[in-house]
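S.K.: Listed below, chain by chain, are the residues.
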Amino acid sequence: MKFRRYPTQDHPLLRILLSLTAISVVALFLVLPLATVFTEALRKGFGMAIDALKDPDALAAVRLTLLTAAIAVPLNAAFGIAGAWAIAKFVFKGKQFLTTLIDLPFSILPVVSGLIYVLIFGLQGWFGDSLRDANIKIIFALPGIVLATIFVTFPFVARELIPLMTDQGREEEEAATSLGASGWQTFARVTLPNIKWGLLYGVLLCNARAMGEFGAVSVVSGHIRGLTNTMPLHVEVLYNDYQFVGAFAVASLLALLAIVTLVLKSLLEWHFADEIAATHRH
Amino acid sequence: MSATGAVASRWRNPSALPGFGLSLGFTVFYLSAIVLVPIAALIIRPWELGFSGFWDVIKDPRVLAALRLSFGGAAIAAAINAVTGPIVAWVLVRYSFPGKRLLDALIDLPFALPTAVAGIALSQLYSPNGWIGEPLSHLGLRIAYTPIGVIIALTFIGLPFVVRTLQPVLNDLSREPEEAAATLGASRLQTIYHVVLPALLPALLTGATLAFARAVGEYGSVIFIAGNLPMVSEIAPLLIIIKLEQYDYASAAAIGVVMLAASFFVILTLNLLQNWIGKRQ
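Chains A and B supply the protein sequences, listed in that same order. Each number in the numbering used here corresponds to the 1-based position in the first sequence with 1437 added. Each number in the numbering used here corresponds to the 1-based position in the second sequence with 5 added.
Do not take every clue at face value.
Unchecked claim - Which residues of chain A face chain B? A partial, calculated answer using Cβ under 8 Å:
hint: 1; residue: LEU1450
hint: 2; residue: ARG1452
hint: 3; residue: LEU1504
hint: 4; residue: THR1536
hint: 5; residue: LEU1556
Derived from the structure by calculation, the hints contain no laboratory data. Glycine is no exception: its CB is placed at the ideal position from the N, C-alpha and C atoms.
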């Protein structure tokens, strides 16, 4: 008997059936919601969508989101580099435990990620009274929003760099220091060029989440229009006000951010697969 | 300097590279300030109610109903993804067709799309005048503002976890056992059922666990489509926010602690199950 096809190939009918199922799942569950965002934003014409974005409260939300990400992402990137340097380049006790703790924020639900800061800095939190006496606002203000954003994006850069830098070992850095390079010179000239694509990959994912976070920020923001509403929170406010064009116009900016992130992420994965831990492991 | 050096050498190996103290010091400080101290605040807070006060918060029927919806909905969504996820992963790894790379990149959309955006889009899509909601409403099926809507949103955010966990495993899977099964006369479906599926099972469980863990705490993509009717379609994270708005910090923290404890318990159980299956093979 002769096989009409290679024995580990599926029957053509099965192939078509499974492919169509997969494509429908992706189209129905993933593409359709994305398409809805843009069609709803443009439902009353392009001009209306642009006008909605020019609204002062919408512009304030865009500014706050950019500002929050501009503070949170560099801090987490610096932390990720420092953590990966300590964990990947040195051998010490408690290393595994430290790595586990760094991943902890990913297993905390978003709402609780905001709640923990309210418990410390909120009106009835640990430091509530002293903060009120000193007239410092953290909750329902920028510092709280930044803190919650830092928490939910905490592991992104570190968990990308730790496996990458561990794989790369420390011979190159040791060679540089033995030739007389200082620590910072070694980092800038040897380590950084080796990890730049991995770092960019981590920063990209960190930034997407920082700009899009909703649950955690919602708890600490207080939803004050034009003041403490980030873009995702502004989307919620407009949607609950039945201002659908405005809500979906702001949402489509965020959806564009997601698309740009996905494109850059795919490009990095295709071109620098060996220099990114996430694809390296595959 | 020499004293600290002697102490340090006992718990870390000597190294020619500089910067250990600075990098580890910053890491531990930042980790403690941002993560550890705030989580300690969460764990300590509910106990000001006393044990019975804590219990009173949790056994409130509205809280129990919300916990049931969050955990039950997450479990059903993970189960749905455990069926569709492997099909998508199989097609992406084993077949080649035009547009495959695009399909592959799209899988990560729920990771990248802000949850509030997904939330209003799903809500619009499944509302009685939306693209999917309208045809279904003629059949008498309502999805938005019911528990089914909650499950749809949780399925949406969970899919990439299953697909992305299965893909590398499928890629590395040797085809020899499949060839052997085929030469021994097994049909293709028998081979898939008896040879391929068992090999994928541990990864499938991991992916479903990740999807479940994410779905339990999900807030942004759910609250719009859920409609948030108390006792019917109100999820537990929303109740935490409601308690906070009433300045009832301790009750909010109590629900948060129970959710964390319960999801750690479920994840631990699934991990043990996965180890057990791995050992048996």
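S.K.: Evaluate each hint against the coordinates.
M.R.: Tested hints:
| no. | hint | verdict |
| --- | --- | --- |
| 1 | LEU1450 | violated, 11 Å |
| 2 | ARG1452 | holds, 6 Å |
| 3 | LEU1504 | violated, 17 Å |
| 4 | THR1536 | violated, 10 Å |
| 5 | LEU1556 | holds, 4 Å |
Against the hints set out earlier in the document, violations occur for numbers 1, 3 and 4.
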